[in-house]
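K.L.:
Based on the sequences and whatever the hints tell you, model everything.
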Amino acid sequence: MKEINWNYPKTLADAAKLVQQENVVPHGGGTGLLLRNLSGIDGLIELSQLPLRYINVTNGIIEIGSMNTYAEVVSVLMKVDPEHILVKSLRNSANTPLRNRITIGGSIAMFPPWSDLVGTLLALDADVMLIGKNDGQFPVEEYINDKDVRDKSLITAVKFNLSKWRSYHYRDIRTKSDYPAFNITILLKQIMNKIEDSRVIIVGTVKKYSRLTIIEEYLINRDIGKINIEEIEKLVEVKFAGKRIEDPEYSNHLASIELGRGIEQILRGH
Amino acid sequence: MEGAFTVNGKNKKFTFTSDERLLFTLRENGYTDVKNGCQEGECGACLILLDNKPVNSCQVLTASAIGKNIKTVKGIGDLHSPHIIQRAFVETGAVQCGFCTPGMIIASYALLRDNPDPSEKEIKNGLDGNLCRCTGYMKIIEAVKLAAERLGNGVVE
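Just so you know, the protein sequences line up as chains Y and F, in that order. This note's numbering applies: residue 1 is where the first sequence begins, and numbers increase by one. This note's numbering applies: residue 1 is where the second sequence begins, and numbers increase by one.
No false leads were slipped in.
Rough simulated footprint, nothing fancy, chain F against chain Y, three-plus residues with beta-carbon under 8 Å:
1) 1-13
2) 22-31
3) 41-53
4) 93-99
Hints in this document: simulated from the structure, not taken from any laboratory. Built from N, CA and C at the ideal position, the CB exists for glycine as well.
P.N.:
Given below as structure tokens:
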């Protein structure tokens, strides 16, 4: 194993220069890095001395520094909005010691198929703030789909609107500490008796994630009394890789039932 | 590589490779109270407090711990001067083979420091990163309850 050169920048400007070098990778909590082979890496950038551990709420926009851990985000958001979808998705992720180590930035950059974070951020239409080769604000969706946006760039923060959604998050696990085979995020906005807006994301599919626009379109502008859960379940058609669960068809069946349950729970509280 | 960090109140310089995990650096330097279990962050046997937060030392690259504060189970209490939590584990029979115990004590210590009067559900959540293959967990939960009762709302330190 060749030596990895560790860098300890003290300013964001230094980190922005370092991240543009070949084979030099940011190190946040390290849990994602340890799952991959480090032998192809020439250098690591230790981010813990940078001012990236903060959470600000200004004019209804929340900005979370990329070095915040899952535990820190849950702890702060619990005070702002205990029913927030990120509280629901992150508080059960992994286990207590890992939640003290997994960072927001690392989780977005790595985006593993069991991610409890990225689906939720996609549903929230969140943006990432980048420095390095690409400097500025980019939608999370663009960041995860565009290699050029990710290339030689460091996530410094994630931003999203703190608007009030009614929400549901489901992790498909067999034991509490299991990696989810897939997870579902549902966000609904209701005005009077109608659904005004909706977001439905499943993570863990063949293409890593799927946005179920067919379900979103079914729900939007529909009278709550006319929402038929069985109809929704029939609309779910998601391709799973079948690597972690034996049968992709069975996974689709499970996802459709859980999605129906989630919508039922949001609308009718059971 | 070389780097210094504080273990159980003593600042020391350590030598390690650039891809070494903190678990191995600690054990190779005599801190064998940090147990080597799954090496995947699943079992909690290698739990330590890193800057006061319980983390799996198998999931920490040593080079990222430079300048930080580490506490192992012996930093909480030892045979000659056991902590109330350690006494509670012994008295309730929460220790059988003992392999998971250092991690369990660290997790309990962090839990009771932040939440002096946890419910059973909160205890289970606080210890959700620690596996035990002997006791079936009931006695461990009893031990945490007993320690919480004895500590009252007092400082865990």
